[in-house]
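Sequences listed follow chains Z and B, in order. Heads up: the first sequence begins at 1 in UniProt numbering, then just goes up one per residue. Heads up: the second sequence begins at 1 in UniProt numbering, then just goes up one per residue.
Do not rely on the hints blindly, as some may be mistaken.
As the list makes no split between identical chains, a pair holds if one copy fits it or if it spans any two.
[To be verified] Using 25 Å as the maximum straight-line C-alpha spacing, the simulated SDA-like pairs for lysine to any residue come out as follows:
{"no.": "1", "residue 1": "52", "residue 2": "79"}
{"no.": "2", "residue 1": "196", "residue 2": "110"}
{"no.": "3", "residue 1": "52", "residue 2": "186"}
{"no.": "4", "residue 1": "196", "residue 2": "135"}
{"no.": "5", "residue 1": "27", "residue 2": "180"}
{"no.": "6", "residue 1": "27", "residue 2": "43"}
{"no.": "7", "residue 1": "196", "residue 2": "170"}
{"no.": "8", "residue 1": "27", "residue 2": "149"}
Because the hints were derived from the structure by calculation, they are not lab data.
Number of protein chains: 2
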Amino acid sequence: MTETETRSRREQLLAIAGGLFAERGFKNTTVRDIADAAGILSGSLYHHFDSKESIVDELLSTFQRDLFATYDRILESTPDTAARIDAIIRASFDAIDQHHNEVAIFQNDAGFLMGFERFAYLREHNRRFRTMWVGLLDEGMRSGALRTDLDPELTYRFIRDTVWVAVRWYRPGGDVPARTVADQYLTILLNGISRKEDHA
Amino acid sequence: MTETETRSRREQLLAIAGGLFAERGFKNTTVRDIADAAGILSGSLYHHFDSKESIVDELLSTFQRDLFATYDRILESTPDTAARIDAIIRASFDAIDQHHNEVAIFQNDAGFLMGFERFAYLREHNRRFRTMWVGLLDEGMRSGALRTDLDPELTYRFIRDTVWVAVRWYRPGGDVPARTVADQYLTILLNGISRKEDHA
DNA sequence: GTCTATAGTTCGATAGAC
DNA sequence: GTCTATCGAACTATAGAC
């Protein structure tokens with residue numbers, strides 16, 4: 001018995017739709033595509049969900065809730081700024097690994113979906129993420145952990161984009177584990193790619 | 001007389017369509033949207049272009065040709081590796097500034113469009129970009145300009161993604177000029193955000 | 001929970017008048 | 001170069017049988 005068979009039909013369909021949305025985009029995936037992949041007809045989908053939007057809504061809202069719960073746990077249990085930055089970034093790469101579909105959908109389609117009233121919470125997602133990171137960077141600059149000649153707003157955008165855009169090429173279960181990607185990313189982000197002669 | 005009035009009708013329509021494709025995505029923009037924005041009816045568009053795909057094809061193929069011509073000029077005239085990396089990155093941010101629509105379309109819709117035979121050249125774009133960057137990073141590591149403990153493939157993806165994804169928030173003519181973004185980006189990429197105590 | 005059948009809409013594209 | 005008019009395809013969603 002596979003894991004799939006033990007999940008509810010609704011969860012199966014959510015996973016199937018999530019995979020298609022992530023791969024082709026929300027607008028480029030039809031309800032017939034989803035039904036075909038699930039081995040049923042398109043009309044039957046409406047027994048489980050009342051619209052195509054409801055499917056992506058459930059995927060994204062669940063993901064957002066879980067992600068920020070993880071961030072909150074980290075910030076509550078980690079006082080040191082450098083350790084916080086390290087843990088938040090590692091948790092983000094872990095999310096790319098564990099919830100690849102949802103991250104990909106958010107990256108590719110959030111801009112379009114945010115145009116609808118129903119997905120206003122995606123804006124809240126962006127707002128909270130920004131507040132968290134600008135706070136971390138400000139803390140780091142004041143504590144002496146981070147250099148102070150960078151613009152906090154530009155640096156925040158840089159980190160935000162560079163972490164999540166990895167979903168475009170990262171493949172869960174592939175050759176490179178998420179842990180390795182996080183290690184290399186943190187090395188570049190903290191110390192740069194340039195060789196330092198003055199360390200010795 | 002505005003600049004728009006001096007351009008050919010075809011170029012006007014290309015610019016209008018480019019703006020809509022960049023803002024909403026190719027699939028989410030209808031030929032009626034484009035015609036409305038141009039003040040004509042949708043059928044009239046087909047006097048200028050034989051399909052919606054032809055419009056985005058012309059935008060992307062022109063952009064790709066110009067971008068690589070710029071890269072080739074830089075590599076021909078700049079022998080030093082560190083200077084090459086600096087100039088290529090500055091040229092990329094300049095492209096985001098000067099050809100914002102095309103970069104946005106490439107970032108958002110290339111994945112979908114590459115599925116069509118007609119847009120196979122977008123794959124060539126990716127291939128050339130990768131070859132160029134892996135070559136630059138390899139040169140830099142062998143010459144001693146760059147640290148050697150980073151994976152060249154991961155570093156290449158990091159740079160590729162982090163440069164182009166800026167198109168999502170950068171606004172030409174806005175508060176922050178492209179030059180400033182490139183300066184800050186190069187600082188982070190080369191030296192990192194961490195404070196170095198051992199410089200003094 | 002799935003299927004049959006289809007309504008209602010929107011889309012890309014075409015033909016021919018002006 | 002634009003408009004009038006429309007075709008045929010594809011899409012989301014619904015109603016009711018099984």
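- prompt: At most 25 Å between C-alpha atoms: does residue 27 with residue 149 qualify within a copy, between copies, both, or neither?
  reply: For residue 27 and residue 149, neither the intra-copy (42 Å) nor the inter-copy (41 Å) Cα distance is at most 25 Å.
- request: Give the relationship of residue 52 and residue 186 under a CA distance limit of 25 Å: within one copy only, between copies only, both, or neither.
  value: neither (38 Å within a copy, 42 Å between copies)
Intra- versus inter-subunit Cα pairing at 25 Å for residue 27 with residue 180: Close neither inside one copy (33 Å) nor across copies (36 Å); limit 25 Å.
- prompt: Quick one: residue 196 to residue 135, C-alpha cut-off 25 Å, is that within a copy, between copies, both, or neither?
  reply: between (29 Å within a copy, 21 Å between copies)
- prompt: Under a CA distance limit of 25 Å, which applies to residue 196 and residue 170: within one copy, between copies, both, or neither?
  reply: neither (29 Å within a copy, 31 Å between copies)
message: Within a copy, between copies, both or neither: which one fits residue 27 and residue 43 at a CA-CA cutoff of 25 Å?
response: both (18 Å within a copy, 24 Å between copies)
field: Alpha-carbon proximity between residue 52 and residue 79, which holds within one copy, between copies, both or neither at 25 Å
entry: neither (42 Å within a copy, 54 Å between copies)
query: Checking residue 196 and residue 110: alpha-carbon separation at most 25 Å within a copy, between copies, both or neither?
result: neither (40 Å within a copy, 38 Å between copies)
Hints 1, 2, 3, 5, 7 and 8, counting from the list given before, are not met by this structure.
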